[in-house]
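*Asks:* All chains should be modelled from the sequences, with the hints used to inform the complete structure.
The listed protein sequences derive, respectively, from chains R and C. Going by our numbering, the letters in the first sequence line up with residues 1 to 412, in that order. Going by our numbering, the letters in the second sequence line up with residues 1 to 63, in that order.
Take these hints with a grain of salt, some might be off.
Facing chain C, a subset of chain R residues (Cβ under 10 Å, in silico) [to be verified]:
{"hint": "1", "residue": "Ser57"}
{"hint": "2", "residue": "Thr58"}
{"hint": "3", "residue": "Pro68"}
{"hint": "4", "residue": "Ser127"}
{"hint": "5", "residue": "Met128"}
{"hint": "6", "residue": "Glu305"}
{"hint": "7", "residue": "Trp307"}
{"hint": "8", "residue": "Ile334"}
{"hint": "9", "residue": "Met342"}
{"hint": "10", "residue": "Arg403"}
Note that these hints are calculated values from the structure, not bench results. C-beta atoms are modelled at their ideal positions from N, C-alpha and C, and glycine is treated no differently.
Here's the letter readout for the chains.
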Amino acid sequence: MDAVPDAAPVIIVGGAMGGLRAAEALRKSGYSGPLTVIGEELHAPYNRPPLSKEVLSTVVTHEAVAFPRRAATEDVEWLRGRSATAADLDAHTVTTDDGVKHAWRALVIATGLRARRLTLPGRQDPSMPGRYTIRTLDDAIALREELREGRRLVVLGSGFLGCEVAATARKLGCEVTIVSPSELPIIRPLGLELAAEIQRRHEAHGVQFRMGRSVVDVLGDARFAGVVLDDGERLDADVLVEAIGSECNSEWLAGTGLDTTDGVLADAAMRAVSQDGTVHDDVYVVGDIARFPHLVFDQTPRRIEHWNIPTDTGKRVGAVLAAKLADDGSFIEIAARPFTPMPTFWSVQFEIDLRAYGLPSLADETRLLEGELAGACVLGYYRGGRMIGVVGLGMQAALMPYRQVIAAGGAR
Amino acid sequence: MIKVEVDMNLCQHYGQCVFEAPRIFHLNSDDKLEYLAEANDDERDQVEAAVDVCPMQAIRIVE
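*Replies:* Given below as structure tokens:
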């Protein structure tokens with residue numbers, strides 16, 4: 001391995017929430033050397049969840065969602081509008097799409113996810129006017145323009161994002177149809193009972209569902225005009241929102257030897273792990289691209305696409321990497337500390353105010369703990385009799401104590 | 001002293017801040033957030049963590 005001069009910066013690839021939190025945490029943990037963030041978007045880091053909820057229903061601006069700037073990170077160098085195209089872990093370099101090769105002392109991978117697009121033979125142009133995803137601020141700004149009274153919207157996908165966009169658009173007066181191959185909306189994380197209740201509430205607000213269906217053709221030439229479903233039904237529409245999940249931005253790591261099977265494999269210290277099992281002390285992974293073991297639940301590394309994960313993993317990397325760079329003997333102890341961030345998520349759809357902790361998607365059993373399904377309630381999610389997730393509709397105070405139960409391993 | 005501000009028009013009473021800085025933030029019996037407008041200097045890390053975990057990004061440290 002080539003000698004890496006101490007003067008080379010720590011490079012964080014990814015300029016969204018995870019990259020920002022890692023930069024802040026490096027500074028807070030005492031790393032004062034050069035620090036560079038490479039980010040694809042031109043916007044300074046901002047909060048994504050409101051883009052399908054509150055912000056989409058009003059005026060979408062960067063100010064409304066920007067994260068606060070902190071004095072400790074004012075000297076961080078931001079390279080915006082650039083993306084990484086390659087990395088070399090032996091030469092300690094990363095190459096950007098303008099052809100520049102950047103040397104690093106340590107590398108933080110925080111490139112996150114992108115929206116998956118609908119791909120149909122002969123209909124591969126997702127940039128067709130009228131077709132949208134909602135991942136970035138610019139996506140939300142563009143979609144907001146379309147959400148006018150009477151517009152006909154097809155939402156493809158019935159996960160949290162699809163349901164939130166559907167509810168927001170419906171409130172703005174659009175006619176909304178959700179098309180999804182699933183049996184019920186948000187069924188994978190929430191389970192049958194709650195999913196059925198969510199669909200019922202959406203229908204009460206006039207949202208239409210085509211569940212168990214997929215799109216076989218997209219209509220329109222110059223502009224999106226509708227879809228044809230696999231049962232032959234034709235839905236004429238003005239706008240298509242594709243909320244069919246995400247893909248990992250890990251292509252730039254091809255050839256590095258890192259395990260990029262699903263995201264980027266990391267250990268519990270968020271150090272990147274190679275396919276041959278090598279753990280890298282100078283390469284780290286942050287955010288929803290990280291596949292890491294969460295020891296409260298089990299030993300299985302998995303990616304967690306919840307909002308708190310970029311912050312929690314960013315802070316973890318900041319602490320571990322700063323100790324490594326300080327070379328003061330604290331690294332082994334800090335890297336070995338338990339790391340069990342509580343998955344935390346929420347959703348707003350019409351009057352549905354859903355809040356959740358843990359990983360309910362892993363459950364084999366659901367129990368109604370408080371209230372009633374048709375109103376406010378708390379549902380517990382169990383695997384092998386141990387609580388691994390909890391979901392509340394309203395009832396925040398009743399919900400919160402269960403977070404500790406899950407954190408303690410779920411025994412009751 | 002650190003001055004803490006919560007935009008109560010934004011706050012949706014998620015209570016995430018309560019886990020990070022329990023002396024400064026709490027949910028009352030109506031599930032509504034209440035908070036102290038001043039924190040001690042040695043509580044800065046806690047309050048910053050509360051700022052970070054607020055889903056609505058409603059908490060601000062006034063410098």
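*Asks:* Against which earlier hints does the structure fall short, listed by number upward?
*Replies:* Hints 1, 2, 4, 5, 6, 8 contradicted; others consistent.
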